[in-house]
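Q: Take a look at the letters that make up each chain.
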Amino acid sequence: MYDFEYATPTTVDEAVSILAENGEDARILAGGTDIIAQLKENRRVKVLVDVKKIQETTALSYHSAAGLSVGAAVPCCEAYETEEIAAAYPGLTDAMTLIGSIQIQSRATITGNLCNSSPAADSIPAMIALGAVAKIVGPNGEREVAVDSFCTGPGQNVLENGEFVLSVHFPAPAANSGGFFLRFIPRNEMDIAVANAAAYVVLNDAKTHFESARLAVGAVAPTPLLIEEAGSLLAGKEIDDDIIQQAADLAKGQANPITDMRGTVEQRIHLAGVLSKRAINGAVQRAKES
Amino acid sequence: MATKTEDYLGKTDYKVVGTRPIRHDGTDKVTGRAIYGADVRMSGLLYGKVLRSPHAHARIKSIDVSKAEQHPGVKSIITVADLPLQEDRIAELGEGAANLTHLRANVLADDKVLYHGHAVAAVAATSLNAAEEALHLIDVDYEELEPVLDVRKAMESDAPLLIENQTTSSMGEDTGTKSNVSTHFQHKLGDAEAAFAAADIVVEREFDTATVHQGYIETHNATGHWSTDGTVTVWCSTQGSFTVREQVAQLLDLSVSRVKVVPTEIGGGFGGKIRVYLEPLAAVLSKKTGRPVQLVMTREEVLQATGPTAGSYIRCKMGAKKDGKLVAAEAYLAYESGGFPGAWAAPGSMCIFAPYDIENVTIDGYEVLVNKPQTMAYRAPGATNAAFASETVIDEICEKLGTDPLEFRLANSSKEGTRRADGPVFPRIGHEECLKAALNHPHYKSKLEGPNRGRGVASGFWFNVGLKSSAAASVNTDGTVSLVEGSTDIGGTRTSIAMQLAEVLGIPAEDVKPSVVDTDSVGYTDVTGGSRTTFATGWAAYEAAQDIQRQTIGRAAKLWEISEEDVTCEEGVYRSKSDPSKSMSFKELAGKLDDTGGPLVGRAAVDPAGVGGAFATMIVDVEIDEETGKIQILRATLCQDVGKAIHPSYVEGQMQGGVAQGIGWAINEEYFYNADGRLANGSLLDYRMPTALDLPLLETEIVEVPNPGHPYGVRGVGEVPIIPPPAAVANAVYQAIGTRMEVLPMSPARILEALWAKGNGKS
Amino acid sequence: MARKTHVTTTINGEETQFLCEPRNTLLEVLRDDLDLTGSKEGCGNGNCGACSVILNGRVVDSCLVLAVETEGADVQTIEGVATPEGLHPLQQKFLEHAALQCGICTPGFIVAAKALLDREPNPSEERIRLWLAGNLCRCTGYDKIIRAVMDAAETMETA
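Residue numbers (the numbering used here), protein chains in the order written: chain A, 1 to 290; chain B, 1 to 763; chain C, 1 to 159.
By construction, these hints were calculated from the structure, which means they are not laboratory data. Fair warning: there could be bad hints in the mix.
[Said to hold, decoys possible] Straight-line distance between alpha carbons at most 25 Å, and here's what the computed DSS-like set of lysine-lysine pairs gives:
#1 K53/A with K4/C
#2 K15/B with K61/B
#3 K325/B with K260/B
#4 K287/B with K260/B
#5 K513/B with K15/B
#6 K188/B with K321/B
#7 K287/B with K67/B
#8 K288/A with K207/A
#9 K758/B with K252/A
#10 K400/B with K321/B
#11 K4/C with K40/A
#12 K288/A with K4/C
#13 K513/B with K400/B
#14 K237/A with K288/A
#15 K112/B with K67/B
#16 K67/B with K46/A
#17 K4/C with K52/A
#18 K400/B with K40/A
Bound-form chain A, shown alone (with noise of 0.2 Å):
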């Protein structure tokens, strides 16, 4: 590992400062689950900003009107272990509780997994079905970027110089709704996603019918997908196989993957369609029973 320097900010405009200063040679440390794995890979940087002593990368709460907020340092494991955000959000702690192992869980975060911005991050689809919208500081203040349009490309995303993100907000989720998150692996545990998927339904009060949809893939294309199309298809319509299969059949249409050692082009086309299926079938099946 190549050397660098270690720094502690307090507050957020430390924190700005030293990001600012430092360009692209600063990197932030959360859960360093990504970070240092890549560092031990000899990726340089001058200096390291552990975020973990500004106090509101530390908070989460959660209320029943005004949702979620997930500081930018909160483990995984903290949230999903927060009984009511586990139940209000189950689609998030279906992708929390799959992100590595229990080990990397204690550490690793969704802020981090955002701005690691892998085209195969398993929580940014999940936030990107539950309409998450990212809380960014910089020089400039503070700005709110949906997480759907939060990544560019593998490994890039809209963060501009000297800025970071605080932390990650979710909407109340609403009467009759159900999310859902699943992958797909060739082990059981322990894999980066061959392909991913996350929905999030609303479904009327008789629950017959679909009122709202957000689907979204990943691994399937330079960035996580969602899968506008998707939702506007289902809003209204009657709950059946037919239209989730079509809805799944738009994702297929929009995968655009590579083939590497993970899986191949045919493989994830034909997964982004399974996968998008199970989760609209798994969403749908929590919002019933909500």
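Dock chains B and C against the given chain A, drawing on the hints supplied.
A: Showing chains B and C alone in chain A's frame:
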């Protein structure tokens, strides 16, 4: 049919053998106190790192270390020029022979790099980070060459040659033809061609198996100290301290007495920790710096540059009569040797048809150079690949005949007197007993229902080895015995060896204190490999105990002032035949050592023949997700002839571990090389060994057909359990989805393609 | 040479001070500076669990924690699992069930399993398998490990 121990060995009522004592080294290993190779600490220690080739195939034009030498933490940098030149000769190294030129060039590349990760230079520095930084400062000028990674492409006449003067040896004769094929051999029994012509059913298929790694969780390591008196000490995790001594001595042009190897605890080996990689580097770097030097590989280095086992291409053809008799078999086995010549098709060919009594067999084997790490032994090396082919073909024959696959195997099973195609005639073996155990197992009798589920079976054979072992044991005055031996303990063998000594002396296993010691402290002992340790070192312990007992009888005679002939010893109790009032225990006798002549030491060195081959039969149930192609293992059972289980828990452990690895080969494990020949999955993230969540509880049925060649009937148990799983899983997959899988691993992508080819499963 | 930072942390109940560079991982400091070599490095990137330690009550891979991050933290390693009175039930059950062969993964498994039983005294087989999926064992096929953890849980429940 005789299957009981007494039929061969006259004894079954053991007191220690067959029990399950807690292993002697257990407490140290559950508390973190056990010292493994990377845990060795000493004052003045320097840290070493190895510079490795980024290319799969290249000529080294120059190496410039001048910038790296300026790094303030760097103490020494070495290249192949620092290793004495070797003649191009074959040397016996304690575990098979090796060409010393190749051994040297694998430790540090000479002229050419032959695989991604091939060692090029080594640095010793004051810290690990300094050593790593120095690696970035070494300039190597490479002329890149075209790599060849596929075994069949490497065999083509216009393939790029790895070792430019390599010629093919065919049937023991040098053909003079330059080729990546280093060896071709043939085994022939009867007339296969004629028998195929007369067969009613003939099945022929082609198979490919991936390059896979042994996957031990501890990475390679070595700590070397070259003393000013000209002796070298090496601490390392190895399967064989004496073979490391031999290899280091040969490479550094030293007599063996100047090298001492101290084996630390070892974190797994499976065949991959026999050949030296870091040990000579640690020694030479220590010589140059005057300080001890430690090198520890990263996981990426382990995957890039050590092991792996041979990937292969196999054609297999078998013929049977309508009455269910196998009459002919033919195999063509081409195995990857990696960057230097190897010999893994050889054991594969010894095992491929060995479970069956077939009169007409032809087997052709080819050892082939490819731009991958030099392939090494891995748990029944070569046999798993081979059985994947033959056991799949047999399953298809059973299907065509409409016969139960276990009954068919039983009807055609090898037995005592059957001649293997490679020559040997079987002594008493237990394949039939394994098959019967499987037929009667509740697993096989249970119903498997539900869509996309299937059950498969397969058998495997491994010959096991004997080789040389030594042991010495000293009696303590409190009645315990301290046992020293030279076999690295990878899975509880201190205990299985100590138990054999305890059985003879009639003392509890806990009263033996076994230690694995260095090469200066015990007689020559071969590697922990070939499933030989409990067999051969156990035999040495048995003989050492006999040596003790001869002496304790003498001591009793002296004490009682009677003749030795008048003393009997049974289960640790010494008695006078003529005077029933005279009796004492081993412990009491030990308390009187000082009165009867002083210290008492037993010793033995053995080189046993009488190795007992091992068979195993597996039953496995799978379920396939037809939308994703993923296999779940629902239930797995292994029935294995172990001869005699000395410590049944550790025998079961070997069976379960072998099955788990075989399942890993079956469903996910493989090396991914990109088009340039660079390893893409050099991590435990993407080299996918099974996790706890990928396996069910693994059922074991210990079958005991004692090996008449061992005092307690022991056969080796470690290797054979890896052989059946890939074929058994493939046969189960066929039952589930109706496709014969011909490629390992049967990854989700490959199953999905198979489903698509059948026209189902695609959404 | 990089400057070092002074860190004060509690390791196995004892206040411990050490100096480290920012790039030193917790695993490196434990093994190389504090001679706590029971935590092992199997992969270096969080995929094998051999370096598992309990950090502020949660099991983590110490290869993916910087030592400087542990200022003021509570760290439990394998060396702190047994007491002077004897082995932890998990350690005892690992021995009784022969749940180790080479033993290199054993400290990580015991630490991770302890973290589980500290939280959930009576986990199912499936739950144990999931919890331990981040700990690789190449020798045992996990069978005896799972049995040992289930037995230890039962023993601790009835104790």
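Q: Hint by hint, work out which the structure violates, then give me just those numbers in ascending order.
A: 2, 3, 12, 13, 18
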